[in-house]
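> Sequence:
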Amino acid sequence: MATLTQPEIALTPSAAARVAAIAAKQGKPAILRLSVEGGGCSGFQYKFGFADAVEGDDTVAELDGVRLVVDSISLDLVRGAAVDYVDNLGGAHFAVTNPNAASGCGCGTSFSV
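Read the sequence shown against the UniProt record's numbering and you will find it ends at 113, with the numbers running on by one and no gaps.
The hints are simulated quantities; they were obtained by calculation from the structure and are not laboratory data.
All of these numbers come straight from a predicted model, not from anything done at the bench.
Treat the hints with caution; some may be incorrect.
To be verified - Here are the in silico distance ranges between beta carbons for each label pair:
1) Gly65 x Gly38: 14 to 24 Å
2) Gly56 x Gly91: 30 to 40 Å
3) Gly56 x Gly90: 30 to 40 Å
4) Val60 x Ala21: 14 to 24 Å
5) Asn100 x Gly27: 26 to 36 Å
6) Ala53 x Asn88: 27 to 37 Å
7) Thr97 x Asp64: 28 to 38 Å
8) Ile22 x Gly90: 15 to 25 Å
9) Leu89 x Glu55: 17 to 27 Å
C-beta atoms are modelled at their ideal positions from N, C-alpha and C, and glycine is treated no differently.
Taking the hints into account, I'd like the entire structure generated from these sequences.
This is the structure we're talking about:
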C-alpha cells in the first residue's frame, strides 16, 4: 500500500470558483496554468494564464471540475504549494503559498529559493 504524501500542487475552493467563473464568462475550459519564470524582484516570478488543454508534461490538480496545471520544470519550484484567490484591500488576485520559497517580495508575485 502506498504512503500518503503531500500533493504535488493544490487549488483552494476560492481559486477554483474564480477560475470557473472567468472560464464560463470567456467560454474557455476551466484550466488555470501556473508557471515560474526568472525575474521579479526576488529572482523568480509566478505567471498565471488560462490554458486550452493539458500538456503532456503537466501535473494536474483538480477541484470541482477546475484544473490547475503546472509544467514539469516549474513544478520543481512550486512542489507542495497551494494556489488561492484572495480578494482584500490590497486587491483581488491569485496567490501562491509556496513552501519552497526562502523569501518573497512584498507584493507576493516573486520569490527566491
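> Now, for every hint given, state plainly whether the structure supports it.
Do the hints match the structure? See the list:
1. In this structure the hint that glycine 65 and glycine 38 lie 14 to 24 Å apart at CB is violated, the actual value being about 33 Å.
2. Look at glycine 56 against glycine 91: about 35 Å separates their beta carbons, and that is inside 30 to 40 Å.
3. Checking the proposed 30 to 40 Å range against glycine 56 and glycine 90 shows it holds: the Cβ atoms sit about 37 Å from each other.
4. For valine 60 and alanine 21, the Cβ-Cβ distance of about 20 Å falls inside the hinted range of 14 to 24 Å, so the restraint holds.
5. Distance hint check for asparagine 100 and glycine 27: the Cβ-Cβ separation is about 35 Å, which falls inside the suggested range of 26 to 36 Å.
6. At about 33 Å, the CB distance of alanine 53 to asparagine 88 agrees with the hint of 27 to 37 Å.
7. The hinted range of 28 to 38 Å is not satisfied by threonine 97 and aspartate 64, whose Cβ atoms lie roughly 19 Å apart.
8. Against the hinted window of 15 to 25 Å, the Cβ-Cβ separation of isoleucine 22 and glycine 90 comes to about 20 Å, which satisfies the hint.
9. In this structure the supplied range 17 to 27 Å is violated for leucine 89 paired with glutamate 55, their Cβ-Cβ distance being about 36 Å.
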